[in-house]
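Student: Here are the chains, one letter per residue:
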Amino acid sequence: MAFAAFSTTTTPSTDPVARRRSPVALFLLLPGILYLMLFFLTPLVSLLLTSFQAPREFGDIGQYDYAFRWQNYVEVVTTYWPHIVRSFSYALAATFFALLISYPLAYFIGVKARSWPLLQSLMLVLVIAPFFISFLLRTLAWKQLFSDESFVVQSLKALSLLGPEAHVTGTAFSVIFGLTYNFIPFMTLPLYTTLERLDVRYLEAGNDLYASPFQVFRKVTIPLSMPGIVAGTLLTFIPAAGDYINASRDFLGGTGTQMMGNVIEANFLVLQNYPTAAALSIILMTVILVIVSIYVKRSGTEELL
Amino acid sequence: MKLSLGKWLLPVYSGLALLFLMIPIGYTFVYSFNDSLKSNITWRGFTFDKWLGICNVQNGAVCQAFGNSLFIGAVATVVATTLGTMIAIAIVRYRFKFRSQTSLLLFLPMATPEVVLGAGLAAQFLSVGVPKDMLTIILAHTMFCISFVVVTVKARVSSLDPALEEAGRDLYGSAWQVFARITFPLLLPGILAAALLSFALSFDDFIITNFNSGAVTTFPKYIYISAARGIPAEANVLASAVFILALVVVVTVQVSGAAKARRLAKLK
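Top to bottom, those sequences are chains A and B.
Under my numbering, the residue at position 197 of the first sequence is numbered 198, and the numbers go up by one with no gaps.
Under my numbering, the residue at position 193 of the second sequence is numbered 221, and the numbers go up by one with no gaps.
Quick caveat, the hints were computed from the structure, so don't treat them as lab data.
It should be emphasised that the depicted structure is a prediction, and the values quoted were computed from it without experimental measurement.
All residues carry an ideal CB built from backbone N, CA and C; glycine is no exception.
The reader is advised that the hints may include incorrect statements.
[As the list claims (entries may be wrong)] Restraint ranges, calculated between C-beta atoms of paired labels, are given here: (1) Asp-63/B x Thr-79/A: 47 to 55 Å; (2) Arg-209/B x Leu-27/A: 42 to 50 Å; (3) Phe-218/A x Pro-213/B: 52 to 60 Å; (4) Glu-166/A x Leu-65/B: 27 to 35 Å; (5) Asp-149/A x Gly-88/B: 29 to 37 Å; (6) Lys-298/A x Leu-80/B: 54 to 62 Å; (7) Arg-21/A x Ala-289/B: 29 to 37 Å; (8) Ser-284/B x Phe-215/A: 37 to 45 Å.
Chain A with its partners taken away, still in its complex shape (with noise of 0.2 Å):
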């Protein structure tokens, strides 16, 4: 299925074939290999490159040069710093809703639910069928929903629960809200997948050890799904960060909710802007890489990779 993309068991530490080597390793590899770095490395660099560009003297809109003008960095920091705050902050504020929401989710499925396969299989079914439906339709729905209009928007400001003059679209709440909605399949998944190979045995042992039901949480389930836990908010925490479709004006954001994604977009597909554009992405890039390596070191999951 599907869900072997997600699954953490990818890299066998016992490998049960005594590799060789052959040439015919150099013809499988090299189309494959050939084509991302086409496709993949060399448009970073070009983006690197492009990221530095000058203006052209006298050029139109969207003529740039070659060159090194490093304060293209300077400017698109003090310019734009509210966004790449904005980014990160609503990224990591969707990855935690989202691991608050699947993690008990994905306990259930994957080891309470164990003696009926058939309920495990369809509510497994359920966790993925968002991905059956165009996401930008999904995001729509909820904008509806919430929407000045709506009945819960209505039925809210006739409980005085929100004020009269206030809206629920365009805020920080509904990005939030409509990052957490859009990654909880990629958090659900990977859970799942550590949470249904634990063994039960390990958590009758703790119990045998007079310890509370907290404890045993504490103690041996979160270690022991740690591989899932960082895969999950791996997934959900990178396309979240550079994501624009929900911070979108015409989606659920407003002007006060731009992300980096959002910007990057306005000025490489409308202001024609690419060395902003450029520089935007690289340090979007830095920044989560570097998130990733610390964040994978210190929670001990380098064999992920």
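Chain A is already provided as a structure; the job is to place chain B on it using the hints.
Tutor: Using the frame of chain A, we list chain B on its own:
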């Protein structure tokens, strides 16, 4: 576990979480029956018309975009699955130089935000002077699908019993015969899963597509462009139809898998 509250808390919580996941799907499905005019925001009554005349609206713009997405998804899936499967076999079965660099090159595309992948490719196409069209979208989709194919197929290759292939060789099967009659059929479920995943990723991709599509419209891009001025109910119809189709496929696979597991359990 002793308290009845504790016993029910987790199932109820899980049920609510799943319900939460279903809300926008239900909304999209229900509004595919809305007798809407230009935009599909307020409920104006029930109709089957949108399901029966999907391509009638806007001179078939929705259907055109949908067709483009199917075509791009199919081509990208075939190329990415082929290249990714070859890499997966090489990684599990052979020794070669630059092994860790290769794993890093395969891991990085999955750890890079889509907006960076999209902007990077667009910057490259711009500097080389390649016009953005269907081809650039396919090139982009193939790129981000390869890594996911490798991860999926690799799991299958490493669970393969090498004794089966040895038996084939002992019986004087040529290298090609062993691959075609033994290795490939055994890998097929993994390859199919990878292909399905690639197709799903490509079909629903918007961010990378938006940077590399030029004037070509895919289904997600169509929704994005129309979002500001209202999306016709026909988009909901197509999305719901895809949803139902995918659900039927997955439920069939899962239920037959569960039945197989139960039969195996009985044998033991």
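Student: Enumerate the violated hints, using their earlier numbering and listing them in ascending order.
Tutor: 2, 3
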